[in-house]
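*Asks:* This note's numbering applies: residue 30 is where the sequence shown begins, and numbers increase by one.
I should point out that these hints are in silico values taken from the structure, not numbers from a laboratory. One or more hints might be untrue.
[To be verified] Derived pair list, reagent style SDA-like, types lysine to any residue, alpha-carbon separation capped at 20 Å: (1) 51 x 112; (2) 51 x 145; (3) 51 x 63; (4) 74 x 234; (5) 51 x 234; (6) 51 x 103; (7) 51 x 246; (8) 74 x 227; (9) 42 x 124; (10) 42 x 128; (11) 51 x 221; (12) 51 x 227.
[Stated by the list, open to error] With beta-carbon atoms standing in for the labels, derived distance ranges: (13) 168 x 59: 22 to 32 Å; (14) 126 x 78: 43 to 53 Å; (15) 78 x 46: 45 to 55 Å; (16) 181 x 112: 18 to 28 Å; (17) 91 x 46: 41 to 51 Å.
All residues carry an ideal CB built from backbone N, CA and C; glycine is no exception.
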Amino acid sequence: MEIHGRLPVKRRKVLVPTWVAKALMAASGLMMALFVLVHMAGNLKLLHDPAAMDAYAAWLRHVGVPLLPDEGLLWAFRAVMGAALGVHLLCAAILWRRGLRTRTRGAKGMALRAWGARLMLPTGILLLGFVAVHILDLTVGALVASDTFRHPDPAHHAAANVVASLSRPVMAATYALALVALGVHLAHGLVLAWADLGGSSVKARRLVRTFAFLLALLVVAGDGAVLVHSHLQGVTP
């Protein structure tokens, strides 16, 4: 029996195409990676001059004054980074759900072969929880903050707050775990971002992978040094 003609293929309409979700996730991820690098540079001020860290914290709050309201630029930056985080999470959820629908039994092992790919989801979830802890600890000063946390009055106490927080073993361990997760997420995520934004060269991929690893190592080492220094300074009589 011969069958002539073509069977119609029903295509599921999606609000956000996969390529758009990947591009948005890559762009938002790169924005947050840049923030992490700049944030580390600010943290390093604690190692050589705590007063410089306090001055930096004051500058962040007052930059743009009087052209902008006090803390205006800081809140605008927070809004942008919050939006980037929201886009990143939404696109991650979209791609994860589509991956579950399209993944076959045979392809599952291939998709999870790389250790970095296996750890992207758990490290992302861990980092999301850490962001909440970090904000409560050193910005809001509530729930998990140290007993000696001080808001600007109007002097800034950023360095003292960091030392007081990280002198606590549980909090120091929490930050250390988050740093490891951040390093893994950066090392693999930057390579994924490059590929999702159109990168395809095998030679360039090797360079990007090396750059991503070195950048992740730099962030972990830099923030790790601040963590160890603060913990030792806080527990030493």
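*Asks:* Hints numbered earlier in the text: which of these fail when held up against the supplied structure?
*Replies:* 4, 6, 7, 8
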